[in-house]
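**Q** Could you fit the two chains together into a complex? Lean on the hints.
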Amino acid sequence: MKEPRLGVFICHCGGNISDVVDVEKVRQAVEGAPGVKVAQTHMFTCSEAAQQEMIRLIREHDLNGLVIASCSPRLHQETFRQMARRAGLNPYRYVQVNIREQCSWAHPHHPGEATRKAVALVKGGIARALRARSLEPIVIKTRPEAMVIGAGIAGLEAALGLSRMGIKVHLVEKEDRPGGLLRDRGPIFPTDQKGRELVEHLWREIHRDANIRTYFRSHLCGKEGVVGDFRLKICRDGEEKEIRAGAIVVATGARPHTPQPGEWGYGSEGVCTLYEFLLHLAEHPEEKPLFYRGRRVRRLVYVYCVGSREPAGEKARTYCSRYCCTAALYTACLVHSRWPEVTQVHLYRDIRSYGKYEKYYRRALGYGSVFVRYSPQSPPEIHPGGRLRVRVRDLLTAKQEIELEADLVCLVTGLEPVHSPELLEHLKLPVGKEGFFQEVHPKLRPVETMADGVFICGCAQGPRTAEESAASGLAAAAKVGALLLAGEVKREPLVAEVIEERCDGCGECVAACPYGALELSGDRVRVRESLCKGEGACVPVCPQEALQVRGYEHETIKALIDSLAEGLADA
Amino acid sequence: MGNELSSRYDCVVIGGGIAGMETALLLGDMGFECLLVEKEASIGGKMILLSKVFPTLDCASCIATPKMAAVQNHPRVTLLTYATVESIAPREDGRLEVEITRRPTFVDPSRCTGCGQCEKVCTVARPDQFNQGLVARRAIYIPFPQAVPKKAVIERRGLSPCSAACPAGLKPHGYVALIRKGRLERALHSILREAPLPGVLGRVCYAPCETRCTRGKKGQSIPLRALKRFVAENLPREERFLPEKKIPKKVAVVGSGPSGLSCAYFLARKGLEVVIFERDEAPGGLLRYGIPTWRLPREILDQDLEDIKALGVKIVTGKEIRSLRSLREEGFEAVYLATGSLKPRTLGIPGEDLPGVYAALSFLRSYNTGKPPELSGKKVAVIGGGNVALDCARTALRCGAGEVTVIYRRDREHMPAHSFEVEEALAEGVKFLFRRAPLEFRGRERLEEILLAEVRLGEKDETGRARPVVDPSRTETFRADAVILAIGFQPEAIFRDEGFSYHPDGRLKVDPETLATNVEGVFAGGDCVTGPYMVANAVGAGKRAAYHIYRYLTGEEPRDIDLAPEVGRGDKAARVRLKAPVAYSSVFGENPVPEQAIEAAGRCLDCAVCSSCKECVETCPAGAIDLNMKPQKIRLKAGAVLIATGFRLFDPSSRPLTGYAHYPNVITAMQMERLLAPTRPYNAVLRPGDGKVPGNIGIVLCAGSRDQAAGNPWCSRICCMYSLKQAQLILGAIPIAEVTIYYIDLRAFGKGYEEFLQQAAGMGVHLVKGRVARIDELENGDLVVYYEDMEGRGGVRKARHELVILAVGALANPELRKCVREDLQLDEAGFFREIEPVREPCVTSVPGLFVAGAASGPKDIPDCVLHAGAAAAQIAAYLRSLGSEGA
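Residue numbers (my numbering), protein chains in the order written: chain A, 1 to 571; chain B, 1 to 887.
Here chain B stands alone, though its shape is the one from the complex (with noise of 0.2 Å):
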């Protein structure tokens, strides 16, 4: 098999199933060159998922690997898996135009051995679609152990809504997934990979991952901060992400708050020297002095500034950097500016001087560093309506305040600060005055009074909340002790004759992909570049400094920083699977123990599928997962193209009263195909509802086929067969077992059918006439199926099965004419139609489109395989006719 695509082909063969490979082997070996495409991971359609075949009992892995294994190892056979055809159109040259999307793998299949490490190590469960749902795979999945080509797939539908809302690069879904499964230090590995400052952020994040979480569109959203907090506070921190070599390359980070740090921690994993310098006496910036210490105790702070300290960064404090010149003298080869936005705005009203008039961050400092001001008994009134007013307000009770209001212009709904901080400030005590603006502080030595205007709502403003319009004729007073001026921040303005260009406002301009400034080296983020934000914000724009300052210095991308590139929010899947809110029983609180994590945990959706816990990342010994990888489009040029798709089983959950998907003893033949398989899942024939060895099976013939209610009248060929096969597997394997088939004809057509019709009967397999109408569950788990009793007394019966096996029906599958602008035309039953079927098989309505096995029609094996040879024959021909040789 080639590895390598090229732009044309003889033949493309759409569809990896038995006809497909058929064809395109008869084609390879006539010399013709053939594309094989198939949808799913591994070749082998649905005859590889089956146990025996009728009427020979070979077993069916064993006779379809054998040719599975021919289309890889086939000189002129490409194999071309987990792609899909999007347009066929025909060309000026009379060939046609093919286009294909190869889908990402995200996993590199010429590194992949198919030793399935990584589905050892996967956290995500999904419903295993090659056992028919019967048991689970993992997110990382090898399809089947014959699978052809043997590599592992991911089922990676773009990024989970929470990790895909994390500022700070977080994956969150990778670590409640870890959580989930009991890993707890795998857990905190998994967060201290993304992002530094676990505990920071487990304390003081705004969580829009919770905000984004799907399982909050109904009931409460996982705790996806609170799981974090846990592990980061309950585990030691024994992993250190230690670099590999050391890289003889300087790095300034002037700021130690959130982003200087992210961007130095980073930085330092790549081997990088990283200095970071910080005006303060100790390093944390706005983490240490703005955020009060009772809602972020500084050992929880020092115990991440540990992470950070141990991979070797050196932080110079009580050094503010007033020029880039020295750090380039000192020998610096790149600049990091996280130098944060602490100017606090004004109000420009009289009386801001006053004593007694505090500006919030310097307030905050002050209690922070244990010299707060007096306030014990006082009323105090808070300017402002964010969350830093409510910090405010409660650092003011909690230095004894007596009274404390937050006054704001707006009304509780505009405010910014996050309701459940509101909520939690009432709960403490704080007051809230709503559209009420200060007009002047009024007092002799000290403030003693607030001039307040009302303010009235008018039209909505470009962020779209109501513009605040000041009403100077509606004035009263407020008697306050001292006021607090939480109104807004913004950048200082700092080396300014360095040639930065600035915003209005004071922020820095970056670019904002690279973070890079204007000047050569220096790269700025955090709140200097985007005013004041939060603490996510700054921690992600340090983790993308650090990503593209190490390639400009390296000229190499760090592949191990990821930014998680834009793949999109997978989470339509998940929602449909959101039925009902899904109530824990305990809350996860401030205390928890691993259990409640874990249970917290379990109730994942596991939206985007695959986690990003990157568990398999770090455990497949051939480094062949790429979680970046992209889909690919493929245009080529094909002399002709076989549609070799196949058919779609029924579904017989659009049938309520067949019980099934209600009803765990009622399956599907193809799972019944799936327990009797040689890969079987359960190892034994088991009953899915419990387990147990069923005694007494029915099976139902023309699910869903010769059923105009289920529209589908038609019958599908295969199951009166497969469904005798089955009986006699079934005694085969337990023997005290009886079987009993409810049919309407038994349709043993082929050669050696009838008589294998008489051995099943010659077994013991109970063949009743009577069509199948309901089928009832008992409290045990068995069930009883009403039937038309029509040779025995007649009128209706009801018999007692333990198990209950479907035989559904074979249906049309259509998909693949909508990548067909021309008419291809389909048969009453949605089958692609071949015009001519007795003079010219295989020919649709397309010239150069050809159809072989199932896709036109129902058809058992060897009636595929003469079909495929058929449709090789018509091919060979049609080639020749355009002027492809072959061989």
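Bound-form chain A, shown alone (with noise of 0.2 Å):
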């Protein structure tokens, strides 16, 4: 190996590590040790500017490897990893040690101490640094064809999103139906049209496209192979067949919530759920006056947030699931149209008719719907019976306690996970505590998954309006378009690597492999690259010692761990 020849950047981030830790204090610690060419302190390493500059010592000092100090890999591994491949070093070169999460933000009130691990760890960094290799991506060349699985509006706009750009379809639907909740529903918020005309018109866009096909009354059952080629399995009644796929979209939705029977009531007449009352609505547009089985409807209270914002505890629905305000008070408007003669009251705890749903509320108080905040401490108590009775203390009225006589009480209920066992078990989703799939972060990645090339999408994700999931629809289908129609993709090289000579073909490895990326061939073991993630867990089973991961070498681990005990000791 050539000479090292190490830069160090060490980054004030604005202030989120400089105000703790002493940037220049580090760099006065590492400046000078062996191999390090380059020390320098940025204000934002991240900048343009600060990455010219460094672009700059890079190629001005022939630097061969490159350690930056500044916040979780996470954020900018792959930023710095470009810069290095505009410099002409090899990205894999570069080691990023994250002096943010953990020194200047884990311990703000001990600046000293944060100095102290910070010089540990780019120590530490620096090791690494001086055992990096240079290594190449490994490139899997991409099907442009992808999985939906649901069929509501998510998933339809996400087949057909996907279909329009060139990628053919294989959309995956338990039912044996397209629609979802949306299937059999009357008009919606904010267009107004029927739910079941706009399924309608979808279902038959898709049916006269070519490169969709649909498989109902299917599911998942087995996924194998990589991000841009994977080889599913989807069962229909006993039977698998077999679909080759480059990306995932998970569209299946979620289901409104059901209250237990005799919890707020439910079970008992004229007691329903919103969704309930939605359908029977949309089945029955016309009726004059208005029925709900059998009870002529005069009076008409709500009852918000059933199920939703509920106090911290077990199995507690403490979410707000977002849609059900608007939707309450979009179905408070439909009936004022259509029975003006019904008196509407709304228990509420906030009216969360966001941005443009606004006019809702205000069309509901327009048209006399009488709003009464509750407080959860004392809920509304529903007593069923001939005479249904709401009793609610009003908040906004002193905390009046008043009674209620009503025909009707439609529990406006939020919306639940469905929970797919399967397709956690075949996809690997994690899932959020709410129970909803979780992405990986929730402002800037909302579709992506921790697993290559899966996105999820609609109600899956988490609740939301018709036109909100239509939308998440499409920019699942366009992350796997701009995945699959490059024609290949690239990943991490960082996989796990057999020592010849050490391994002994024992298999212990093979088994504690959880991607199956390990296989036995002779007597020796042999690594899947496309498989492996790279995570490790085949290393500490192995009793000789032969399996590493690049990057993290046995010989790499041992260097950083004597250089952080050494800095600690120095520092």
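Errors might be hidden in some of the hints.
Derived pair list, reagent style EDC-like, types lysine to aspartate or glutamate, alpha-carbon separation capped at 20 Å [said to hold, decoys possible]:
| no. | chain 1 | residue 1 | chain 2 | residue 2 |
| --- | --- | --- | --- | --- |
| 1 | A | 399 | B | 788 |
| 2 | A | 194 | B | 836 |
| 3 | A | 194 | B | 840 |
| 4 | B | 769 | A | 394 |
| 5 | A | 241 | A | 425 |
| 6 | A | 315 | B | 755 |
| 7 | A | 399 | B | 789 |
Label pairs and their in silico Cβ distance ranges [as the list claims (entries may be wrong)]:
| no. | chain 1 | residue 1 | chain 2 | residue 2 | range |
| --- | --- | --- | --- | --- | --- |
| 8 | A | 365 | B | 653 | 24 to 32 Å |
| 9 | A | 499 | B | 883 | 51 to 59 Å |
| 10 | B | 695 | A | 109 | 19 to 27 Å |
| 11 | B | 695 | A | 111 | 18 to 26 Å |
| 12 | A | 288 | B | 637 | 53 to 61 Å |
| 13 | B | 828 | A | 288 | 26 to 34 Å |
| 14 | A | 490 | B | 828 | 44 to 52 Å |
| 15 | A | 435 | B | 797 | 38 to 46 Å |
| 16 | A | 516 | B | 883 | 37 to 45 Å |
| 17 | B | 637 | A | 419 | 47 to 55 Å |
Cβ-to-Cβ under 8 Å is the rule here; a few derived chain B residues that face chain A [as the list claims (entries may be wrong)]:
| no. | residue |
| --- | --- |
| 18 | 59 |
| 19 | 751 |
| 20 | 862 |
In short, the hints are calculated from the structure, not lab data. Cβ atoms here follow ideal geometry from the backbone N, Cα and C, with glycine treated the same way.
**A** Below you can see the structure in the form of structure tokens.
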């Protein structure tokens, strides 16, 4: 190997780091260390100007290794790898050290100690960089084909979006018809189009589209292969079928929460959920006067947040379902426009008709809907029976208790996740604490998941309205397009490798690998690189220490630990 | 990122906020060529300005900068910042024609390294829009530390009126801005860079700059001439613009008046060999012989001449040039004629040759050379109404005249002389006799009396002044011992045989742009071309001639000779800022001290923002500043256009009851974001009024949202959440603080949002249901919030806070609509309308035009990202239907 020439750059991160960590002290601690040719600090190493400067230094000093001490590698590892590439340095000779999350943010009240830790971490990073190898990404050819699971509004939009982009689609639906929650619905906001007609419209287009194949009464029952070229199995009536696809869009939706019988009066005559009421309205749009299951409805009471925003506790649905306030208000407007004689009272906690949906709140108020705010500590009491009554304390009139007579109590329930164990098993999708699928980053990467090539959209990711589901379906389609249309996927080469002379073919590791990436080939183990995720589960089980992950070789880890310890002792 | 613009793109994305960046990156990844057009100097939109984001409390900069860097580095995304889309029109082939103006940044982006040296020397401060006006930035600025691209731009709205008015090409705004900063040496340097003779101009210029000064529209203008005089006379002339290299070419300048001196000065600075020929025994021309010494002390002139001589200019005096051939034979390759306009006009009436009748210039010349005529105790008349007449009158007084009367044929208001000159003359005791014209000078040996006729004012003539009509029937005699005729001059006809073209009155004809005469290699300027005019005009002509002579001789443009190309006057904004006259305490008089000069300069309104002081030009290590940059029109073809122009923040100053803009401690939520951001202006959460750490903070939700009276009945969707976030961040920054949020409904509707609300409540944030009606200020800067207590005891209640944050809402930003001739529909709130928001998200009413993010309605960041993703899918499908395949 050539003589090591490292550049070490330490970031202020505006003040995120330098308000706590003495970055200049860190710089001095590593300046002149063996192999370190350049040591500098920057206000924002991620800024374009700082990158330009680092590129200049890499070229000028012919650096062959790079350490940047800044934030989490999840944020900027790729940024700086790109930068290394632009500078002509192999990206895998770059090591990121996290002195923000791990130093300044972890120890804001101990600047001295945080600085000491930063010095040690940077020294560890240097040890790694000194041993880093030049690597090339693993290239996988992609198929312009995708599977969409779920044919609700999000799935339908995703399928159409993909097909229009030129990607072949396999649309898999567990029921025998498309449409999901919108299938049997009357008018929906904000377009006032009937849900049923919307679904029919989309379905006609899909049906005509030779690029989309639909599989009803089917579900995913197997997944192999890698991003860009999965081999998927679907089951229908016990029969299996293999489908190859480069990516998967999960649009399995959610279902309306249904209270337990007796809960909120549910199950008694005159008490229903909003979803049930909406289905009823869709079936009997013109009926006059308004009846619900034989009951003449003159007084309609909505109870909001049923099964939502519950106080924290085991199995509690603490989250807000986002769409229900607007849906209830929209329903109230619908009822008023057809049956203006109906008195409507809304028992609510906060009216969350956000953004442009505010117009339905204003409209409902204009139509004479009455709003009563209740506290979660004293929720409305629903007394079923011949004379259906609702008792509630109105927060807005000094917590006065009022009793309302009602012909129909409509429980405005939220959406809850659909648990589908086979999906979880085959796709290995993480699930958030509400039970919805978890995205990589809720802010900027809402449709990507930790599983490469698997995207989520619609209510499977979290409750939302029809238009939001549609947009997220298309957003997932766009991500798939960005992945597959390029024709190839590049994957991290930081995967397991076998030290041939040590391996005795015992096969312990093969069982340990959750991805099936290891196989016995003769008396040696072989790594199927395209399947390996570089997770390292195989490394500790190997009795011969014959397996290691690139970038984290035994030697590297040992050197890293030594220099961490040394760094702490020095500082 | 490709720097070269192509003439066609698959998609033009308008707006470099989070939505625009997301769509551009997705389309780029799919293989489509995208152009991202951003009106500001950096992409990043509003997100990059935020502190942290809800509900994850990620640092907004940290998650936005990778996106910004990715945009810049994407091989199929081209970034065009500081550019405005002018029009979008459909073409017959189904694509769109997009017209874009790239505004001049005045900084060459290929050279700028973003080092920020320029910001340190810039003389103009403006409110920093990226810090929501909490601090100042400079006229030249890099938007913020994480800017992409990280390049400086100059906010420069043409030239300030004073600088645009200066005939000599001085930049009064520039030197005033330098004086204001106390950099007096640099002010002199800046003056000398633009023109020679600062001492002379400081004394004799009629200062058209001051007439145009915006400050003068209400109250006194900035004393621009006095400030110039102050630096010119009080600072050593150490700075010399010595040429970097000599150019072995010789230029002859005929005449050493201000124009000739100016031309020689600039040519010598460029390294040419310049010889001035002067027929009098000393250089200076009219400056030396025409302007009375009491007005322009000769030491001042001589000091100014030193500047020119020090550059190696040779001044040959006592030598009159009679033919150009001799100059050519001596090896001069170019000639500048600056021979002035010295031939006196005559009245053509009897008695003009009587002793005691003097021509103005010869009278002044005799005074200036120390041999004035004997006027002691005598009665002197001066005929004429111009500045020269007044100079003569006041000089006559200084010669001991007993009584001096200026006789003018029109009225005082018609006098060509400046009114302040008339004032000064009156103050010195000069008398005036208006509407009289001499018919005859009478006397036996010498002048004894003047026969004057009355003058009636007739119709307006072509100059707009009343035509004087002499009435010979009404006469009177005026006794006078001497009369000085100051009725104008005209150029002497010089070089009659050289083939020059002349105007009938003897002025040389030249090309107005280059000042070239019709004779090869000969240029002319100053009074011999214009007739008698101001010194500053002559200096300006010399500068212009120098520029073109240099170009004529070398073929190169001398970029450092600034002819102030027509860039327009930028005083509109300043006129808006000019609310009331600002008096300054001490009058900036004859012998000021530096502090007075700095104070006087401090009233400058920075009309065009950039002062043209050129400190950045001289400081920039990369030589990137180019003040002559012009706007650039770009026309290109696009398959699709995405509108991702985001939203506007509600401006609470339109709601006076909020106290915003009146009470400094009432701030907007965006200002609070800046106070909390990692690149925060004060490095702490301080209230702007007095810099105190606020201990009790109120957050008022729905400021300008859900408010019919504010014109926005809609919910802005983001404010509840960012307020809950700010409350938590404030508690992190100021642990002892009390934070109260006044709300109508708490709309914590997204994934993890309700939990975020509970977390805030758990941290002790007070949540009060009640709408705030009014905010008052107390003497110590604290605020009283009046609100309706909806859940407590009811009624209107008061609460005291040290800082109040208005959670301002998001309004539509439909500006782009005017660029599209077709029916681009808006929704009821003014956002761009999606025709089928459920079935076909992001599709507008115009084919090929798509909308993403908050341009279609208020959205938080995840929803913007999702919507932008949907837009990418829609655009990719649309492009495919057009036949663009992408990758």
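**Q** Work down the list of hints and note, for each, if the structure agrees.
**A** Tested hints:
1. Distance check on the hinted pair: residue 399 of chain A and residue 788 of chain B sit about 16 Å apart at the alpha-carbon level, within 20 Å; holds.
2. Distance check on the hinted pair: residue 194 of chain A and residue 836 of chain B sit about 13 Å apart at the alpha-carbon level, within 20 Å; holds.
3. A hinted pair counts as satisfied when its Cα atoms are at most 20 Å apart, and residue 194 of chain A with residue 840 of chain B qualifies at roughly 15 Å.
4. For the given pair, residue 769 of chain B sits about 13 Å from residue 394 of chain A by alpha-carbon distance, which is consistent with the 20 Å threshold.
5. Distance check on the hinted pair: residue 241 of chain A and residue 425 of chain A sit about 18 Å apart at the alpha-carbon level, within 20 Å; holds.
6. The suggested pairing of residue 315 of chain A with residue 755 of chain B holds, with an alpha-carbon distance near 15 Å, which does not exceed 20 Å.
7. Taken as a hint, the residue 399 of chain A and residue 789 of chain B pair is honoured in the structure, with Cα atoms around 13 Å apart against an allowance of 20 Å.
8. For residue 365 of chain A paired with residue 653 of chain B, a C-beta distance near 29 Å keeps the hint of 24 to 32 Å intact.
9. Range check, residue 499 of chain A to residue 883 of chain B: Cβ separation about 54 Å, and the 51 to 59 Å hint holds.
10. Taking 19 to 27 Å as the suggested C-beta distance range, the pair residue 695 of chain B and residue 109 of chain A conforms, at roughly 21 Å.
11. The supplied range of 18 to 26 Å is met by residue 695 of chain B and residue 111 of chain A, whose beta-carbon atoms lie about 25 Å from each other.
12. Against the hinted window of 53 to 61 Å, the Cβ-Cβ separation of residue 288 of chain A and residue 637 of chain B comes to about 57 Å, which satisfies the hint.
13. In this structure the supplied range 26 to 34 Å holds for residue 828 of chain B paired with residue 288 of chain A, their Cβ-Cβ distance being about 31 Å.
14. For the pair residue 490 of chain A and residue 828 of chain B, the beta carbons lie near 47 Å from each other, so the given range of 44 to 52 Å is met.
15. For the hinted restraint 38 to 46 Å between residue 435 of chain A and residue 797 of chain B, the CB-CB distance of approximately 42 Å keeps it satisfied.
16. Restraint check, residue 516 of chain A to residue 883 of chain B: a C-beta distance of roughly 43 Å satisfies the suggested window 37 to 45 Å.
17. At roughly 51 Å, the beta carbons of residue 637 of chain B and residue 419 of chain A sit within the given window of 47 to 55 Å.
18. Checking residue 59 of chain B against chain A by beta carbon gives a least distance of about 6 Å; that is within 8 Å, so the hint holds.
19. At about 4 Å, the closest approach between the beta carbon of residue 751 of chain B and any beta carbon in chain A falls short of 8 Å, and the interface hint on this residue holds.
20. At a threshold of 8 Å, the smallest CB-CB gap from residue 862 of chain B to chain A is about 5 Å, leaving the interface hint in force.
Going through the hint list in order, the structure satisfies each hint without exception.
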